[in-house]
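Residue numbers (numbering that gives the first Met the number 0), protein chains in the order written: chain W, 0 to 607; chain S, 0 to 480.
None of these hints come from the bench; they were simulated from the model. Some hints here could point you the wrong way.
Said to hold, decoys possible - Cut-off 20 Å, straight-line C-alpha distance, at most; resulting in silico cross-link-like pairs (SDA-like, lysine to any residue):
#1 K292/S - T112/W
#2 K126/S - D105/S
#3 K126/W - E353/S
#4 K292/S - R398/W
#5 K462/W - L472/W
#6 K126/S - P142/S
#7 K292/S - L452/S
#8 K518/W - D475/W
#9 K126/W - A283/S
#10 K256/W - Q324/W
#11 K292/S - N81/W
#12 K462/W - R508/W
#13 K518/W - L587/W
#14 K159/S - V136/S
#15 K292/S - L376/W
#16 K126/W - E231/W
#17 K126/W - T148/W
#18 K435/S - Y123/S
#19 K126/S - V136/S
#20 K292/S - R87/W
#21 K292/S - Q455/W
#22 K529/W - K547/W
#23 K424/W - L376/W
#24 K256/W - E231/W
#25 K126/W - E361/S
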Amino acid sequence: MSLKTKLLLLTAISISASVGAVAFLIEDRAHEAFRTVEHERTAGLVSQFRREFDHEGDDVIHSVETIANSESMLRAAIELSNGADVARFVNEAQSYAAAQRLDFLDLVAPDSTIISSAHWPARFGYKQRWFLDRPGPLPQQAFLKHVETPTGSELALLCLRPVPTQGASYYLVGGRKLDAVLQALSPPQGLRVAVYSAPEQGQGGLLGPAREGLDLNRVMPLVQKTLDQRSEVSMTIDMGGKLLEEDQQIVHAIPLKGYGDRVSAVLLVGNSLQQELTLEKRIRNISLVIAAVGVIIGVIVSGVMTARLSRPIRELAEAATEVGQGNWNVRVESGAKDEIGRLASAFNQMTGELITQRERLVQSERVAAWRELARRLAHELKNPLFPLQITVENLVRARENTPEQFDEVFRESAATLLAEITNLKTIIGRFSDFSKMPAPQLQRVDLNEMVRSVVQLFQGQLKRDGTKIEPDLQLDAQLPPVSGDPTLLRRVMENLVLNAIDAMPNGGRLTLRTRTEGKAAIFEIGDTGKGLTREECDRLFTPYYTTKQHGTGLGLAIVQSVVSDHHGRVSVSSKQGQGTTFSVELPLFSSSEDSSGERNEFRVGAGS
Amino acid sequence: MKRSRLQSVAASSLLLLGLCAAAEAGSRPRYGGTARVLLHDRVNSLDPATEDDHPASRDRMAALVFETLTSVDRQGRVHPRLASAWTPDAARRVWRFYLRLATFHDGSQLTAADAASVLSKNQYGWKVTAGDRQTVVIEAPAPVVHMPEMLAQPRFAVVKHLPDNAIAGTGPYKLREWQPAERAAFTANEDYWGGRPYPDAIEFQMGATLRDELLQRQLSPASAAELGLDQMRALDTSNQSIALSSASDLMVLLFLQPESGGKPGRKPVDPRVREALSKAINRAAISNVILQKHGLAASGLLPQWLTGYEFLFPGGTNLDRARELRAEAAGLIIISPIALAYDFSDPVAKLAAERIAVDAREAGLTVQPYGESHINSRNARASINADAVLLRIPLASLEPSVALASLAEDLGLSLDLSVAALGAARPEDLFEVESKALADFRVVPVSHSSQALWLNNGVHNWVQLPNGVWDLDQLWVEGAR
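Could you build the full structure based on these sequences and the hints that come with them?
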């Protein structure tokens with residue numbers, strides 16, 4: 000990833016993070032504000048509920064007291080206490096309840112027997128002891144209690160009043176359904192209010208007009224928690240609709256204590272989160288848009304800025320790459336006076352120093368090469384010069400001491416001199432050859448054929464002195480022709496084969512392998528000799544370096560020179576004790592060369 | 000002085016004579032006037048042969064138009080009606096009824112063939128033939144001890160079907176106007192074989208309640224009305240004339256079964272559960288409170304005052320035993336709630352059904368009462384989705400065997416029970432038949448209740464038999480000529 004890209008990315012991330020942080024803060028503040036409003040709305044509704052509850056309670060008290068104090072009820076109580084037939088009064092409660100708009104009314108005898116029941120007329124004769132079993136005076140206020148009806152238990156706001164007679168008191172238990180309180184409420188938009196009725200036995204249920212909007216199964220854990228803790232509990236509940244924002248509600252559950260301090264019901268106030276979630280979603284969307292616009296603008300601005308900032312750095316990087324590739328004559332132009340400008344000056348100074356150093360090095364290497372060449376020449380020439388000197392001295396000595404044998408000595412010495420002179424010519428020729436390496440005449444060459452030809456040539460040497468070197472030809476039959484000079488390549492191949500034979504004085508296996516790799520043909524020659532050390536491998540292609548007792552050290556240098564002239568590569572790999580393998584990579588013959596290549600194709604039998 | 004005294008004595012005597020004459024005139028039957036009757040139920044057809052939701056109300060009206068061969072008085076004695084005489088064979092299996100000369104309202108003469116065609120549609124396999132023009136011969140496969148009492152039931156009234164789908168009878172009144180379920184008007188039959196009835200007409204208003212009529216002050220002095228027992232208390236303190244029958248109507252809990260008129264495919268309630276419910280019901284509470292002491296707790300199908308043996312049937316509340324039976328049943332089956340249907344239009348039945356539900360709850364049983372529009376006919380019961388129905392069945396006859404046979408038929412019990420009841424010559428035999436009927440708790444008697452009739456002060460000689468049947472032969476109303 001380029002510096003420019005990194006800078007761009009960094010800028011984009013910074014802008015996004017900044018915008019995101021701002022959006023988060025706005026959303027958080029909005030959320031908090033909503034919660035505050037929601038709490039206030041809920042508190043208002045609960046307060047309204049309590050007012051309505053108290054008002055309805057007062058109304059129930061008034062109704063029951065009106066019945067209890069009515070002349071007809073007093074007369075009925077007196078008649079009953081005087082032993083009147085209770086059957087006559089079985090429908091009494093219904094008419095009183097209808098007159099006072101009470102949903103529930105029981106006329107109860109002093110022994111707790113129900114004389115008449117408005118809501119469950121058939122229940123006459125059964126006992127209703129719950130208020131008589133509780134010690135203490137009768138409650139004066141209205142209270143919540145579940146009332147048994149033919150259809151089940153119903154939550155009621157009840158009032159209990161005695162109807163005193165001369166003897167024991169009769170009782171009136173009257174009340175209304177809590178639904179009336181809920182119906183009287185006018186919750187603000189988005190608020191839902193319902194009451195969970197929690198009877199002592201059996202399953203509870205929701206009351207109120209908003210019960211349809213509250214799924215009992217989903218609010219039940221909240222209700223149960225409230226019943227257990229007997230204190231207000233709030234919870235965010237997903238009502239399970241299609242759209243999340245339509246169905247999430249904060250539900251406040253407030254326990255409503257009834258007769259005997261028992262929690263008879265739970266007031267549920269559900270506040271829809273639709274508005275809040277919609278606004279939060281809008282804020283989020285706006286934040287995303289702002290972030291996107293900010294990122295785009297940031298990218299453009301920072302793109303321009305980073306382009307200006309990174310151009311000298313990029314030029315420096317490109318110059319460094321050039322330097323790395325050997326081109327030291329490169330300079331970075333920077334008019335800036337900042338750190339980057341100073342860096343560019345330092346770079347230019349560094350390359351100048353490098354060039355100076357290189358020139359010095361070349362100079363010293365040239366001197367060293369000449370010295371090495373001189374040393375080699377001296378060494379190579381000294382060897383044949385010494386026999387020449389000895390032979391000439393022998394001739395002089397024979398002429399002076401044994402003239403009679405001079406002729407014979409002369410003949411022998413002349414032969415020796417000619418041989419040594421020939422040797423000198425050979426040495427000089429080699430040096431001459433190395434210095435005059437001809438430019439390759441490229442043409443289509445079949446490497447496989449060349450390998451077979453060279454191996455055929457060296458058949459005799461492979462089986463000398465009782466040692467046996469087994470040639471192993473692993474030639475790629477599909478190997479395409481390469482582009483090369485057949486004479487020079489043959490010389491390369493012969494040099495490498497000779498080296499391999501020299502490396503296996505005790506015999507072994509000579510492997511010759513050809514293959515294709517990409518757009519190049521590979522030719523490998525491997526021996527099973529003792530191998531080379533890493534240092535030897537590194538210096539192997541250095542001119543005049545040899546590991547052999549006899550050798551000019553020019554063979555592999557010539558190989559490298561020829562391969563290099565063919566735009567190829569030569570490499571060596573070796574493992575001590577296992578042998579050495581030379582690998583020559585040559586470019587394949589291209590079709591553009593084919594037209595001329597047809598005539599110049601290398602033929603082993605004919606061209607060599 | 001003397002003269003003036005004599006004058007005052009003479010004037011006083013004249014005034015006294017006048018008052019006596021007026022009093023005599025007020026208590027003596029007179030012709031004319033229209034009696035107006037309020038019926039609680041709505042009747043759709045006057046034909047006694049058709050099935051109606053409210054057969055008792057239908058029979059009250061039909062008795063004015065259609066006559067039976069015999070009739071029964073308030074002591075249960077049989078009297079000739081269309082049949083002037085009858086003779087059984089020694090085995091009381093073959094009966095001969097000799098018809099009097101009577102005329103249908105269309106002017107045709109009553110013949111034995113007319114009577115035979117009606118009587119031959121019985122359930123008991125009787126072979127009914129016309130011996131001659133005036134003799135009807137009934138040949139029953141088994142003895143029928145009280146055939147004359149049997150034929151006094153309205154279901155055996157002689158009806159003549161006319162070609163235009165009209166029906167005609169021989170009764171003291173002719174049908175003048177018929178609005179099904181709304182209103183019926185009858186005029187006196189001037190050619191009635193027993194002599195013209197006193198009123199010129201009798202009008203029935205169906206589906207009316209006395210309370211509404213009283214509130215609207217639409218009642219004429221010559222009015223009568225069926226009265227629900229729940230309305231009794233409101234009228235007790237007033238000076239109204241209320242006629243009460245004996246506790247004759249049977250309130251009974253009938254468990255429906257496919258073979259006895261229940262809905263096909265509906266699973267019957269387990270016998271242990273039925274017995275548990277029977278033990279749980281507080282019959283005394285129902286008769287004393289709901290029926291305002293105008294009813295008696297029932298343990299048998301026929302009332303004690305009629306048979307004398309009802310006390311032998313166990314009918315008291317035993318909640319412990321009910322709970323035991325319920326637990327026993329719960330160990331073997333899953334006890335489902337019992338859907339109990341009652342007559343939607345009967346507030347007393349509603350309260351009684353709810354009371355049964357309350358009592359059942361004490362025994363651990365769930366009874367769900369609900370109102371149904373049609374539960375009184377067997378065909379209607381076959382289509383309702385209830386496990387049991389609470390019925391009020393009037394006592395069909397003052398003869399126990401006839402009443403039991405009729406009840407068995409109404410309740411959809413086995414025909415053998417009816418036949419056995421008709422053949423029962425001794426109370427022991429009848430007790431045995433009734434015991435069989437009650438053995439499996441498919442029929443659970445709840446109470447016997449009275450029928451109440453409100454009569455305004457302008458109505459006279461309105462006779463109500465102990466079983467609630469009206470005898471209006473001697474009815475006359477004030478305000479007539």
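Consistency of the hints with the structure:
Annotation: proposed proximity of K292/S to T112/W holds, straight-line Cα distance about 19 Å (limit 20 Å). Our distance criterion of 20 Å between C-alpha atoms is broken by K126/S and D105/S, whose separation comes to about 28 Å. Between the alpha carbons of K126/W and E353/S the distance comes to roughly 17 Å, so the proposed pair stays at or under 20 Å and holds. A hinted pair counts as satisfied when its Cα atoms are at most 20 Å apart, and K292/S with R398/W does not qualify at roughly 185 Å.
A C-alpha spacing of about 17 Å is found between K462/W and L472/W, which places the hinted pair at or below 20 Å, so the restraint holds. In summary, the hint linking K126/S to P142/S is supported, as the alpha carbons are separated by about 13 Å, within the 20 Å threshold. For a cut-off of 20 Å, the pair hint linking K292/S to L452/S stands: about 16 Å separates their Cα positions. A threshold of 20 Å between alpha carbons decides the hint, and for K518/W with D475/W the separation of about 15 Å falls inside it, so the pair holds.
For the suggested pair K126/W and A283/S, the alpha carbons sit about 17 Å apart, so the restraint of at most 20 Å is met. For a cut-off of 20 Å, the pair hint linking K256/W to Q324/W is broken: about 91 Å separates their Cα positions. Using a Cα cut-off of 20 Å, the hinted pair K292/S and N81/W holds, with the two alpha carbons roughly 19 Å apart. A distance of roughly 12 Å separates the Cα atoms of K462/W and R508/W; the hinted pair therefore holds under the 20 Å criterion.
Between K518/W and L587/W the alpha-carbon distance is near 6 Å, which keeps this suggested pair within the 20 Å criterion. The suggested pairing of K159/S with V136/S holds, with an alpha-carbon distance near 19 Å, which does not exceed 20 Å. Distance restraint check for K292/S and L376/W: the Cα-Cα separation of roughly 156 Å exceeds the 20 Å cut-off, and the hinted pair is therefore not satisfied. Simply put, K126/W and E231/W have alpha-carbon atoms about 35 Å apart, too far for the 20 Å limit, and the pair is violated.
Between K126/W and T148/W the CA atoms are separated by roughly 14 Å; this keeps the pair inside 20 Å, and the hint holds. Among the hinted pairs, K435/S with Y123/S is consistent with the structure: their alpha-carbon atoms are about 19 Å apart, no more than 20 Å. Restraint check: the Cα-Cα separation between K126/S and V136/S comes to about 8 Å, which is no more than 20 Å; the hinted pair holds. The straight-line distance between the Cα atoms of K292/S and R87/W is roughly 9 Å, inside the 20 Å bound, and the hint therefore holds.
Between K292/S and Q455/W the CA atoms are separated by roughly 143 Å; this puts the pair beyond 20 Å, and the hint is violated. Of the pairs offered as hints, the one joining K529/W and K547/W holds, with about 13 Å between alpha carbons and a cut-off of 20 Å not exceeded. At roughly 12 Å between alpha-carbon atoms, K424/W and L376/W fall within 20 Å of each other, so this suggested pair holds. The hinted pair formed by K256/W and E231/W meets the criterion: a straight-line CA distance of about 12 Å does not exceed 20 Å.
Distance check on the hinted pair: K126/W and E361/S sit about 12 Å apart at the alpha-carbon level, within 20 Å; holds.
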